[in-house]
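Chemist: Residues per chain, in single letters:
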Amino acid sequence: MKWSRLSLILIRGFNVIGLLVAGYLFTKLMISSIDWEWLSSILIQLLKGFGLTVAIFGFTLLFSMPLGMALCNVRMSRLKILSWPAKLYISIMRGTPLMLQILIIFFGPYYVFQFFNLDISLSDAYRFPAVIIAFSLNYAAYFAEIYRAGIESIPIGQYEAANVLGYSRLQTFFKIILPQVIKRTLPPVTNEIITLTKDTSLAYAVACAEMFTIAKQLAASQSSMAPFVAAAVFYYIFNFVVAYVMERCERKLNYYQ
Amino acid sequence: MSIFEVRHLSKRFGDLEVLKDISMTIEPGEIVSIIGPSGSGKSTFLRCATLLETMEHGTMKYQGNVVCEERPGHGAVYAPGRTLKKMRAFFGLVFQNFNLFPHWTVLKNIIDAPISVQGRPKEEVLAAAKALLKRMGLESKADAYPCQLSGGQQQRVSIARALISKPQIIFFDEPTSALDPELTSEILKVIKDLAAAHMTMVIVTHEIEFARHVSDRVIFMADGVIVEQGPPEEVIGNPKHPRTQAFLRKLSHADN
Ligand SMILES: Nc1ncnc2c1ncn2[C@@H]1O[C@H](COP(=O)(O)OP(=O)(O)OP(=O)(O)O)[C@@H](O)[C@H]1O
Ligand SMILES: [Mg+2]
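Read top to bottom, the protein sequences are chains X and V.
Position in the first sequence counted from 1, then plus 285, gives you our numbering.
Position in the second sequence counted from 1, then plus 135, gives you our numbering.
In case anyone wonders, no lab produced these hints; they're calculated from the structure.
It should be emphasised that the depicted structure is a prediction, and the values quoted were computed from it without experimental measurement.
Where a beta carbon is used, it is the ideal one built from N, C-alpha and C, also for glycine.
Please note that a few of the clues may not be correct.
What the hints assert, rightly or not - Cross-link-like lysine-lysine pairs, in silico, DSS-like; alpha carbons within 27 Å at most:
id, chain 1, residue 1, chain 2, residue 2
1, V, 276, V, 301
2, X, 460, V, 324
3, V, 276, X, 468
Stated by the list, open to error - Below, a sample of chain X positions facing chain V; criterion: calculated Cβ distance under 8 Å:
id, residue
4, 448
5, 452
6, 455
7, 456
8, 457
9, 535
10, 539
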């Protein structure tokens, strides 16, 4: 009994010491071999790309969250002609890779023009809008399903109380149902948002110059892993901030239930 | 003029005929209790009266204003939406499980509908809400959220929420069924106070003793029909119909 505990402590001790030593050697090697000027030029280029990453992130949320709400309303319609296409749309958007959707949105118009014998070439300026369109359409599908689950979880009694008190359907939705749906869907929405911070990197498929695209170009031209490591750190910090903000939001809505 | 009047109401869910040819008039200040076995259609009746369900057949009026009217070949034809919206100010409904809005404070729960639905001035509504909270013994709870209140307190808030719209009649659907016995008496007291103030009320309840004391008339419903009705001394004290007798016997057995 005592021996086994002692040996466990020893093993752990050795592990810790070993890690410290390895870490120290590694860091020393890294620092001595780092070319600071070179690194700062990489960081500056990555930061430029990071701006675009944040833009993709921001615009996608800006468009996909309301679009998802609209889609959710169509999906929940009692009319089959409305709900069925919405269901199909959601199933396709969630059932195929986002990367593929980005490619189709970007290259699709080119083939359409060709089919009609139009001589219109795709300009570079289309890369960013194409990415935003693809991301918004894709994320709207996910948000729609999250909202739907949230709306369906609201007890029917809330609608009935509102009805008896004379609230109109719009008032009921915006004043009574939506605030509760927002609270209930915040955790899954946070998940989606955190996934989005990393999904922005898929824009490299159409060479949109966001951070991952730049990191990849730099890694190739400099034959170094450093741009990837630096990009990873940026992604992590970005995520950390996003997660912190979302946590604050959740805490703010904790005043009831 | 009677406050509420319904003639030949019938209502079905699919093949199930839940209410069969119900007729009833409620006079101003009258307190009517509806008792009856589970599934007899009591809640469905209140839901038809408060426009949460639409009836297939029948005519219904609030103070002579037509909510819906039986037309041969068409069944119950409802008034246009705008008329119905105005009609909702005539009645209040108190639910078994309160159905307060959890994201609003007690005060907001009470004042929001009169302000944003009825368009009444905020100062007047606030003053009325303060008075109601005091009457319900909830002065200190104005800024609390429903989840911070006991069931009895939540039910008192929901009664205040119904009262502030100055309804001509209030329907209660088993207002104490979700409450512990100690809390039940506090709600029954509120209803007794309303009765003393001559509020017109229709109360679906399983509290037979309460129904006997508070009501002017007791209606016994079974299988979607009114089997027997009259003063409580008769319907509860000396029931004529064998079904009423059986129901009351069963209840008193369950109590003992
Ligand atoms: N929305 C609905 N769809 C289908 N059937 C329903 C619906 N609402 C009620 N019913 C049925 O109608 C009948 C009457 O129900 P109701 O709730 O009015 O009874 P109740 O007298 O209030 O019973 P309880 O004392 O249990 O509350 C029941 O058989 C019930 O299953
Ligand atoms: Mg019921």
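Chemist: Each hint: holds or not?
Modeler: Hints, verified against the model:
no., hint, in the structure
1, V:276 x V:301, "22 Å, holds"
2, X:460 x V:324, "32 Å, violated"
3, V:276 x X:468, "23 Å, holds"
4, 448, "6 Å, holds"
5, 452, "6 Å, holds"
6, 455, "11 Å, violated"
7, 456, "7 Å, holds"
8, 457, "10 Å, violated"
9, 535, "14 Å, violated"
10, 539, "11 Å, violated"
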